[in-house]
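J.: Here's the letter readout for the chains.
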Amino acid sequence: DVKVTQSSRYLVKRTGEKVFLECVQDMDHENMFWYRQDPGLGLRLIYFSYDVKMKEKGDIPEGYSVSREKKERFSLILESASTNQTSMYLCASQLLNEQFFGPGTRLTVL
Amino acid sequence: AQSVTQPDIHITVSEGASLELRCNYSYGATPYLFWYVQSPGQGLQLLLKYFSGDTLVQGIKGFEAEFKRSQSSFNLRKPSVHWSDAAEYFCAVGEVDNDYKLSFGAGTTVTVRA
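In the order they appear, the protein sequences are chains A and B.
If you're matching positions, the first sequence starts at 873 in the working numbering and goes up one per residue.
If you're matching positions, the second sequence starts at 809 in the working numbering and goes up one per residue.
The set of hints was computed from the structure by calculation and includes no laboratory data.
Here the structure is a predicted model, which means the values were calculated and not measured.
Do not take every clue at face value.
Straight-line distance between alpha carbons at most 27 Å, and here's what the computed BS3-like set of lysine-lysine pairs gives [said to hold, decoys possible]:
| id | chain 1 | residue 1 | chain 2 | residue 2 |
| --- | --- | --- | --- | --- |
| 1 | A | Lys929 | A | Lys943 |
| 2 | A | Lys927 | A | Lys942 |
| 3 | A | Lys885 | A | Lys927 |
| 4 | A | Lys929 | A | Lys885 |
| 5 | A | Lys890 | A | Lys943 |
| 6 | A | Lys943 | B | Lys857 |
| 7 | B | Lys857 | A | Lys929 |
| 8 | A | Lys929 | B | Lys869 |
| 9 | A | Lys943 | B | Lys909 |
| 10 | A | Lys875 | B | Lys869 |
| 11 | A | Lys942 | A | Lys875 |
| 12 | A | Lys875 | A | Lys927 |
| 13 | A | Lys890 | A | Lys942 |
| 14 | B | Lys909 | A | Lys927 |
| 15 | B | Lys857 | B | Lys909 |
| 16 | B | Lys909 | A | Lys875 |
| 17 | A | Lys942 | A | Lys929 |
| 18 | A | Lys875 | A | Lys925 |
| 19 | A | Lys942 | B | Lys869 |
| 20 | A | Lys943 | A | Lys927 |
| 21 | A | Lys875 | B | Lys857 |
| 22 | A | Lys925 | B | Lys909 |
| 23 | A | Lys943 | A | Lys925 |
| 24 | B | Lys857 | B | Lys876 |
Where chain B lies over chain A, by a calculated footprint (3+ residues, C-beta under 8 Å) [said to hold, decoys possible]:
| id | stretch |
| --- | --- |
| 25 | 911 to 919 |
| 26 | 963 to 971 |
To list a few chain A residues with every Cβ distance to chain B over 10 Å, as calculated [what the hints assert, rightly or not]:
| id | residue |
| --- | --- |
| 27 | Val876 |
| 28 | Lys890 |
| 29 | Phe892 |
| 30 | Met899 |
| 31 | Ile949 |
| 32 | Thr980 |
All residues carry an ideal CB built from backbone N, CA and C; glycine is no exception.
Throw the hints in and build the complete structure from the sequences for me.
T.: Take a look at the structure:
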C-alpha cells in the first residue's frame, strides 16, 4: 500500500512565524502535490513537483514556497504565516494519474 | 481549463436507502475522472476512477459511477447506504494531456440517519 505521511496532524502558529509542513511518501513516486482545503472550495493546488528540485506553481501559490531535496520528501513553507492561511493542508503523491493523499495537517494561525 | 461542479453541498439519506451524488465537468476532451471520499479528520481515499472503456465503473465500498459523455457527468451511486458512508465526497477531473493536474469539485457532505 502507498503510504503518504505528514509531519503533524494539528499545528498552531502565530502570525509572522515561518512554518514548515513536511510530507513523505514511500513509493518512489515522481510527482508530489500540496493542496489546501477550505469549506465550500474543495481542494486547491498550491504547488506541485515532478522531480527532485523541480517545482511548479499551482493555482494559489502566493504566500507559500516549497522544497524537494529528496524524491520522497516534499515540504511546504509559509514564509510569514498569516491568519488567512488557517486551513487544512493535504499532501499527495501520484502514480499514473492517481493521487494518494496523506491524512492532512490542520493549521491554525493566531 | 477544466472545471468541476458538484451541485449538492449536503445530502441526508437514511441508512439502507440509495445514494446518488452528482458531478458535472467542463473539459474539451475525454477527461480522467475520479471520486474520492474523506472521512472526518482523514485524508482523501480513492473510491473509483474512469480513464476509458466501460462507462460504468465499480469501486470500493460498494460504490459505482457512470460516465455520460453527452451530459458531461460522472455521478456516483450506492444502492444501500451504511452509517459508515457518512463523509465528504469529492469529484475530480484530470486532463488527458496534462499528467499532473487534478481539478476538484467543492465536495458533497453526506449525512446518514438511522
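J.: Can we confirm that no CB of chain B comes within 10 Å of the CB of A/Ile949?
T.: For A/Ile949, whose nearest Cβ neighbour in chain B is about 20 Å away, the distance exceeds 10 Å, so it holds.
J.: What's the verdict on A/Lys943 and A/Lys925, does the C-alpha distance respect the 27 Å limit or exceed it?
T.: holds (9 Å)
J.: For a C-alpha distance cap of 27 Å, please report whether A/Lys875 and B/Lys869 respect it.
T.: The given pair, whose Cα atoms are some 20 Å apart, holds under the 27 Å limit.
J.: Assess, step by step, whether the Cα of A/Lys942 is no farther than 27 Å from the Cα of A/Lys929, and give holds or violated.
T.: Roughly 19 Å between the alpha carbons, so the hint for A/Lys942 and A/Lys929 holds.
J.: Between the alpha carbons of A/Lys925 and B/Lys909, is the straight-line distance 27 Å or under?
T.: The hint holds at about 19 Å.
J.: When you check the alpha-carbon spacing of A/Lys943 and B/Lys857, does it fall within 27 Å?
T.: Holds: A/Lys943 and B/Lys857 sit about 26 Å apart, inside 27 Å.
J.: Quick check for students: does the CB of A/Val876 sit more than 10 Å from each CB in chain B?
T.: violated (7 Å)
J.: Minimum Cβ separation between A/Thr980 and chain B greater than 10 Å?
T.: holds (15 Å)
J.: Hint check: A/Lys875 vs A/Lys925, CA-CA at most 27 Å. Holds or violated?
T.: holds (22 Å)
J.: Straight-line Cα separation of A/Lys875 and B/Lys857 no greater than 27 Å?
T.: holds (19 Å)
J.: Verify this for me: three or more residues of the stretch 911 to 919 of chain A with a beta carbon less than 8 Å from a beta carbon of chain B.
T.: holds (count 6)
J.: Does A/Lys927 sit within 27 Å of A/Lys875, going by the straight-line distance between their CA atoms?
T.: Distance of about 22 Å is within 27 Å: holds.
Checked against the numbered hints above, the structure breaks hints 8, 19 and 27 and satisfies the rest.
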